[in-house]
Each structure stands twice: as structure tokens, then as C-alpha cells.
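Asker: Sequence lines, in order, name chains A and B.
Heads up, the first sequence is in our numbering, so the first residue is 8 and it goes up one at a time.
Heads up, the second sequence is in our numbering, so the first residue is 8 and it goes up one at a time.
Fair warning: there could be bad hints in the mix.
Just so you know, same-sequence chains aren't split out, so a pair can sit in one copy or run between any two.
Lysine to any residue pairs mimicking SDA-like chemistry, simulated, CA-CA at most 25 Å apart [claimed, not checked]: (1) Lys-224 x Asp-58; (2) Lys-105 x Leu-14; (3) Lys-105 x Arg-120; (4) Lys-224 x Thr-15; (5) Lys-105 x Thr-201; (6) Lys-224 x Val-54; (7) Lys-105 x Met-119; (8) Lys-224 x Pro-82; (9) Lys-105 x Met-177; (10) Lys-224 x Trp-37; (11) Lys-224 x Gly-198; (12) Lys-224 x Asp-282.
Simulated from the structure, these hints should not be mistaken for lab results.
Number of protein chains: 2
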Amino acid sequence: MIDRPDLTPPDVYRAALLDDVIPFWLRHGWDQEHGGFLTALDRDGAVVDTDKSIWFQGRGAWMFATLYNTIEPRPEWLEAARSGIEFLRRHGFDPSGKMYFTVTRDGRPLRMRRYAYSESFAAIANAAYARATGDALAAADAARCFSAYLRYSFEPGLAPPKTFAATRPMRGLGPLMIAIVTAQELRTNLGDVTVNGRSCTAWIDVCIAQIEHDFLKPEHQAVMEVVGLEGEILDHFDGRTLNPGHAIEAAWFILHEGRLRNDRRLVQLGATMLDWMWERGWDQAYGGLFYFRDLRGLPVQEYWHDMKFWWPHCEAIIATRLAWTLTGEERYARWARQIHDWSFQHFPDPECGEWYGYLHRDGGISTPLKGSLWKGPFHLPRMLWLCGNESRE
Amino acid sequence: MIDRPDLTPPDVYRAALLDDVIPFWLRHGWDQEHGGFLTALDRDGAVVDTDKSIWFQGRGAWMFATLYNTIEPRPEWLEAARSGIEFLRRHGFDPSGKMYFTVTRDGRPLRMRRYAYSESFAAIANAAYARATGDALAAADAARCFSAYLRYSFEPGLAPPKTFAATRPMRGLGPLMIAIVTAQELRTNLGDVTVNGRSCTAWIDVCIAQIEHDFLKPEHQAVMEVVGLEGEILDHFDGRTLNPGHAIEAAWFILHEGRLRNDRRLVQLGATMLDWMWERGWDQAYGGLFYFRDLRGLPVQEYWHDMKFWWPHCEAIIATRLAWTLTGEERYARWARQIHDWSFQHFPDPECGEWYGYLHRDGGISTPLKGSLWKGPFHLPRMLWLCGNESRE
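Please work from the sequences and hints to get the whole structure.
Answerer: Pasting the structure below:
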């Protein structure tokens with residue numbers, strides 16, 4: 008990808024990454040006492056809750072190791088990554104080997120959740136850390152965590168079902184798309200290793216095929232968030248609820264795969280998902296992306312359906328730039344400018360740094376938090392890193 | 008309680024109840040095909056999801072049986088109550104006797120939840136229905152469901168813990184306050200029966216004492232939503248999060264008990280809870296009650312913290328009128344007018360009837376839904392019934 012005068016220059020993203028966002032998290036989020044990352048930060052970075060997200064120990068370690076691997080080998084970034092990895096090794100796993108969701112600051116267990124995203128984020132963290140250090144245990148842990156993620160996500164009976172399986176079994180987009188990006192990260196950092204009987208590339212193929220076959224609905228021009236076992240639409244609140252930001256994130260995972268393989272069919276698939284969900288998600292009245300939409304235009308049950316969260320905007324900035332680069336179709340350049348402008352006008356905090364995470368529909372700030380269980384050093388720095396690194400690739 | 012010229016006359020509430028809200032639910036929410044109540048209703052009453060809330064089978068049956076018992080014996084109201092009771096008998100219970108959270112329209116199980124509010128609402132429904140009909144099975148079921156509610160809510164080990172008990176055990180205000188109102192309803196309709204070794208009145212005493220001792224924090228002028236086992240404040244997001252509407256609802260349960268017993272100490276307790284949480288909850292900028300507030304004024308983690316939901320406003324209308332009647336202190340009359348005016352200016356839908364449930368902080372409509380898994384024939388008609396019936400008591 009090369010620098011394009013018609014889009015925001017990569018330097019803008021790189022400067023935000025290196026001069027604002029990464030220093031913010033190193034200064035305020037890196038726990039020098041107990042190791043790992045604190046993410047519940049007030050506007051000015053003050054810690055408002057010391058509980059730790061296991062997701063963010065992995066996501067943070069991945070981000071810092073990736074900066075070390077791809078921008079420059081700054082010792083501080085490697086130390087931050089090591090801190091997250093070591094916290095996970097000491098405190099991330101219950102006696103059965105399943106990973107926790109939250110622990111106290113010093114690592115005592117608080118919550119376990121049904122699903123296994125802690126495992127996927129630990130997998131990418133260990134893969135990037137193994138590349139940075141040559142640590143054989145990290146390489147083994149990356150494969151072991153991805154293996155556990157795949158088992159909990161796709162083997163019936165391992166994760167306790169949310170819904171009574173006999174009455175209305177459901178499958179989600181989330182486990183498939185996270186399998187894709189996790190496999191991509193393992194392949195980038197460890198090579199195309201075999202996990203649970205398939206290479207990373209084969210897992211990516213399987214998951215993309217399932218998304219295309221069961222979650223894309225051309226008759227509705229929509230990517231579903233959940234479907235029935237055979238891909239059927241479940242005409243209830245949950246079944247109809249679309250998450251445009253999530254589907255757009257999945258779209259760029261597929262666009263990225265298409266670029267790596269120089270596969271026009273995959274590029275077209277990702278671009279189609281982006282086309283549909285941009286139309287569904289963009290708020291014509293106030294700008295920005297809605298959080299949830301209903302497949303049939305009915306009201307959504309979730310209270311916060313019309314809020315503007317930071318992460319769908321980060322994912323849409325990545326997706327639109329990538330679609331423009333790969334297809335040259337003008338609408339993607341227009342959308343890339345549109346989403347960049349709205350995001351950079353509304354989310355950044357020029358006084359204290361980093362981005363607000365949660366805006367009302369009209370773009371007003373709902374909470375000044377810079378981090379929480381759900382927001383930390385991941386979506387924003389990943390976007391800034393990807394968009395800021397384009398000209399180097 | 009007598010009609011007071013300085014407050015909104017009871018007739019206003021009674022007219023809204025009998026001419027608008029109850030007809031809306033009978034017309035749109037009563038399932039003539041499979042029995043029971045559908046609550047997922049669009050603005051005009053159209054059913055947008057056929058899944059049924061088990062909570063609302065009980066809540067709806069309670070409401071209709073209570074109207075029959077206290078306003079006039081309309082056959083339609085009794086039929087609606089019977090419909091909910093019979094649906095619960097056929098489809099509400101899993102083989103172990105625990106009640107479901109949601110089922111399909113025809114009663115096949117969808118979700119079970121950890122806690123046992125389905126049981127508390129089934130208890131009050133059966134108690135009111137037993138009074139209306141003399142049905143001995145309903146009277147027995149009321150006691151049986153309250154017994155199960157008490158066991159699941161207060162006996163360690165019966166409900167799977169959300170939090171790892173060894174690290175940070177928590178107790179909630181919710182189970183205690185719902186035990187109070189459930190015991191009050193059983194006592195009203197069945198007499199002061201003994202359940203799990205205590206009379207209803209004794210359960211009320213125990214629960215009020217625990218709320219007063221462990222959840223009221225005079226040094227913070229706050230009623231906590233959760234505390235540690237010994238009533239200690241847990242200085243984390245969850246532990247600091249206050250729910251003013253919920254605490255104000257608990258306040259009027261206690262004011263109501265104080266009125267029945269002519270107990271000034273209980274009246275003072277309820278009034279203190281109202282005082283504190285009104286100050287915490289009222290939005291000085293836009294009016295209305297915030298959904299969540301932080302004990303120390305820090306940001307709240309929940310996305311919808313500043314939204315205006317219908318039910319806290321219903322509970323605050325009841326609480327302020329009751330506090331004014333019982334204490335004669337002028338601020339309660341002022342608050343009663345203030346919350347009435349804001350609520351009736353923002354929530355009712357003059358075109359299609361009933362109330363919107365979910366407003367943005369500024370009072371704008373977030374969703375036109377009239378009902379959902381969380382909104383149905385309960386908080387609004389209960390408020391209109393209580394406030395419309397005052398002059399008859």
C-alpha cells in the first residue's frame with residue numbers, strides 16, 4: 008500500500024499513535040507494581056478501578072510486541088509486552104486451563120465467562136511476543152491458547168450454551184471472525200502452524216467459507232450477527248440485531264486476507280460486506296456509525312443501540328482505506344474521508360489525550376472514561392498502527 | 008390517603024390507567040392463541056418478537072388480578088389474569104422446579120437465569136389470583152414460589168455465583184427489596200402466612216433491617232446497590248454504581264410498610280432513602296432521573312448510565328406522593344410535581360398510547376418500543392393504579 012494524496016496521510020495516524028495514544032497507556036495503564044495493564048482510566052488517566060481485564064492483558068501485550076516487531080525495537084515496548092505475558096502466565100488460567108475474564112489487580116480470580124475470547128487474545132499476544140524474543144514457551148502458548156479458543160468456540164458442549172440448544176440453537180459471527188484474525192496473527196508471527204489438525208490458512212478458509220455461506224444474506228444486503236444452525240434468520244430481537252461495526256471489522260479481516268493472497272474473490276467478498284454494513288450503519292442525521300440496527304428496520308431492544316462507540320469507527324477507518332487501496336472504487340475514498348473526519352472531530356480529547364469511547368447519537372460525550380473492561384490499548388492503537396504503517400508495506 | 012389539591016389529582020392517573028394503558032396491553036399484549044402475555048410491542052402495539060418473558064407472565068397476571076380485586080370485578084381482567092397464571096403453570100417451570108426467564112410463544116424453554124425473580128413475580132400473581140378466585144392451588148403456588156425465591160436469593164450455593172465467592176463476595180439490594188414487596192403482596196392477599204419458617208411480616212422486618220444496616224451509608228448519603236458480605240463498600244465500578252430509581256422503589260416499599268404499621272421510624276427510614284437518592288438521581292441539566300450514578304462522582308462504566316428510563320420515574324412518582332402524604336414536608340410535594348411533570352411531558356405517546364420506555368439524557372426518544380423483555384404491563388400501570396387509587400384507601 009502506498010501513501011495516497013487523496014486520503015489522510017499515514018503520518019497523521021502514526022503521530023497520534025506514537026505521540027499520544029501509546030504514551031498515554033504506558034504512563035497510565037502499565038501496572039508497575041503488579042505487572043500487566045490497568046484499563047479503567049478516567050479522562051486524565053487516573054485509575055478508577057483496579058480490577059484487570061484478562062482480554063486486555065493479551066490485547067495490550069500483543070499491541071506492544073507488535074509495535075516492537077514492526078516499527079522499531081524500543082526496549083520499553085518489549086518490557087510492556089513482557090509484563091502482560093507474565094501476568095497472563097501467573098494469573099490468567101484457572102486450574103482446568105480455561106482463562107478468566109477478570110481478576111483483581113494482584114491476580115486473584117473474579118469472573119469466568121462462557122466464551123473464550125481471553126484465549127484468542129492470549130494467543131496473539133504470545134505469538135507476537137515469541138517473534139520479538141524467540142521465547143519457545145510463548146510460541147507454544149500461542150498455539151495452545153488458539154487450540155483452546157477453537158475448542159471452546161466450535162466444539163458443542165464445551166462452552167455452556169447461553170440458549171437452550173434444543174429449542175433455538177444459534178451461531179455467532181464473533182467466534183468465526185476472531186478465529187480468522189487470530190490465525191492471521193499466528194501465521195504472521197510463527198508461520199503457518201498447524202493447530203487442532205488444520206494450518207492457520209486452512210482455519211481462515213473454513214471460517215471465511217462459513218461466514219460467506221451462512222451469515223451473508225444478499226436478499227437483505229446484510230451480514231448477520233447470529234443465525235440458526237443452518238444459517239437461517241431467527242426473526243426475534245437477538246436474531247435480527249445487526250452490529251455494523253463488527254461486520255465491518257470482519258470485512259477488513261477478509262480484505263486483508265485477499266490482499267495477502269492477491270485473491271480478487273476475497274477482496275470482492277470483503278468489499279461487499281463493507282458496502283452492505285456501511286449503508287446499514289451510517290447515521291444520515293448525525294453522522295458516525297450506529298452501534299446496532301435491526302434487519303427489518305424495527306426497533307432494537309438494546310438500550311444503547313444508537314450510541315457512537317469508538318471501536319466501530321476505528322474498524323471502519325481501516326476497512327474503507329483498505330477497500331479503496333484494493334479496488335480503487337471512489338466511494339471507498341469518500342467513505343474513508345467521511346469516517347476519518349467524523350471520528351477525529353468527535354472522539355479525541357485534545358486536553359488529556361487518547362479518545363473518548365462512548366458518545367451519544369448526536370456526538371456528545373456520554374462518559375469521559377478513557378478505558379474500562381471494554382476499552383483499552385487495542386482498537387484505537389491497532390487502527391493507528393495499521394493506517395500509519397501503510398506506506399512501509 | 009386523601010385527594011390533595013396541591014398534587015396531581017388521582018383521577019389523572021386513573022384515567023391514564025383505565026382509558027389508555029390497560030386497554031393497550033389487553034388489545035396488543037394478551038396472547039389469545041397461546042395464552043399469557045406478549046410484551047415485545049412496537050410503538051403502535053405490533054408484535055415485534057413473539058418470545059415470552061416469564062417475569063411478565065407473573066407481573067401481568069398480578070396486575071390484572073389486582074385491578075379485579077381492588078377497582079372492580081371486570082370479567083376481562085380476571086380472564087387476562089387466568090391466562091397468565093395458566094401459562095405459568097404449563098410452561099414456567101423446568102423439571103427441577105426452577106422457573107425459566109424466557110420461553111417461546113408456545114412455551115418451549117429458551118433461557119434460564121441465575122437469579123430467581125421469575126419466582127417472585129409468580130408468587131405475587133398467584134396470591135392476587137387466589138384472592139380473586141379462591142383457587143387453592145394458586146394460594147399454594149404463591150407460597151411455594153416465594154419459598155423458592157427466598158431459597159435461591161439468600162441460601163448460599165443454590166444460585167450459581169456471578170462472582171468468585173472466595174475473592175469478592177457481594178450482596179445486592181435487589182433480592183432484599185423484592186422479598187419485601189413480595190411478602191407485602193402475599194400478606195395483603197393471603198394473610199400473614201408463614202414461608203420458610205417466618206411470617207411475611209417477619210421476612211419484611213429481616214429485609215428492612217438488612218437494608219438499613221448494610222446498604223444505607225449516612226457518611227455518603229447514599230443507598231448502595233451492592234455491598235460486601237459485612238456491608239462494606241466495594242470501591243470498584245460495580246460496587247460504586249448507584250441506581251437511584253431502584254433505591255427509590257425500595258424507599259416506597261418501606262414507606263408503605265410504615266404507613267400500614269403507623270410506624271414513624273419506618274416512614275423516616277424510607278424518607279431518608281428517598282432524600283438521598285433523589286439528590287443523587289435528579290438531572291439538574293435536563294430534568295428526569297439518571298439511570299446510574301457513581302458513589303464518588305466518578306464515571307460509570309455502563310453505557311446507558313445517563314438515559315432516562317420510564318420505570319425509575321414511575322417509582323419516584325409513587326415515592327414522592329407517599330412521602331408527602333406521610334410527612335407533610337413541603338419538598339416532597341415539590342418533587343412529586345416535578346417528577347410528574349417531567350414524566351408526563353416526555354414518556355406518553357399521545358398518538359398510539361402507553362409510554363415510551365427509553366429516552367436519551369435530553370429527553371429525546373431513543374426507541375419507540377412500548378414493550379420488550381424488560382418493559383410490559385407492570386411499572387407504569389402499577390404506578391397509575393397506586394396513585395389513582397389513593398383517594399379510595
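Asker: How would you classify Lys-224 and Val-54 at a CA-CA limit of 25 Å: within, between, both, or neither?
Answerer: Between. Shortest inter-copy distance 24 Å satisfies the 25 Å Cα cut-off; intra-copy 44 Å does not.
Asker: Under a CA distance limit of 25 Å, which applies to Lys-224 and Trp-37: within one copy, between copies, both, or neither?
Answerer: Answer is neither; intra-copy 43 Å and inter-copy 34 Å both fail.
Asker: When Cα atoms must be at most 25 Å apart, do Lys-224 and Asp-282 count as within-copy, between-copy, both, or neither?
Answerer: within (13 Å within a copy, 53 Å between copies)
Asker: Have a look at Lys-224 and Asp-58 and pick one of within, between, both or neither, based on CA distance no larger than 25 Å.
Answerer: Classified as between; 24 Å across copies, 40 Å inside a copy.
Asker: Between the shortest in-copy and the shortest cross-copy C-alpha distance, which are at most 25 Å for Lys-224 and Pro-82: within, between, both, or neither?
Answerer: neither (47 Å within a copy, 48 Å between copies)
Asker: For Lys-105 vs Met-177, is the C-alpha pair at or below 25 Å within one copy, between two copies, both, or neither?
Answerer: Result: close both inside a copy and across copies, 23 Å intra and 24 Å inter.
Asker: Please work out whether the CA atoms of Lys-105 and Thr-201 approach to 25 Å or closer within one copy, between two copies, in both situations, or in neither?
Answerer: within (21 Å within a copy, 45 Å between copies)
Asker: For Lys-224 vs Gly-198, is the C-alpha pair at or below 25 Å within one copy, between two copies, both, or neither?
Answerer: So Lys-224 and Gly-198 fail the 25 Å test inside a copy (34 Å) and across (58 Å) alike.
Asker: Under a CA distance limit of 25 Å, which applies to Lys-224 and Thr-15: within one copy, between copies, both, or neither?
Answerer: Classified as neither: same-chain Cα gap 33 Å, cross-chain 53 Å, threshold 25 Å.
Asker: Within, between, both or neither: how does the pair Lys-105, Leu-14 come out at a Cα-Cα threshold of 25 Å?
Answerer: Answer is neither; intra-copy 44 Å and inter-copy 58 Å both fail.
Asker: At most 25 Å between C-alpha atoms: does Lys-105 with Met-119 qualify within a copy, between copies, both, or neither?
Answerer: both (8 Å within a copy, 23 Å between copies)
Asker: My question is about Lys-105 and Arg-120: at a cut-off of 25 Å on alpha-carbon distance, are they close within one copy, between copies, both, or neither?
Answerer: both (10 Å within a copy, 22 Å between copies)
Hints 2, 4, 8, 10 and 11 from the earlier list are contradicted by this structure; the remaining hints agree with it.
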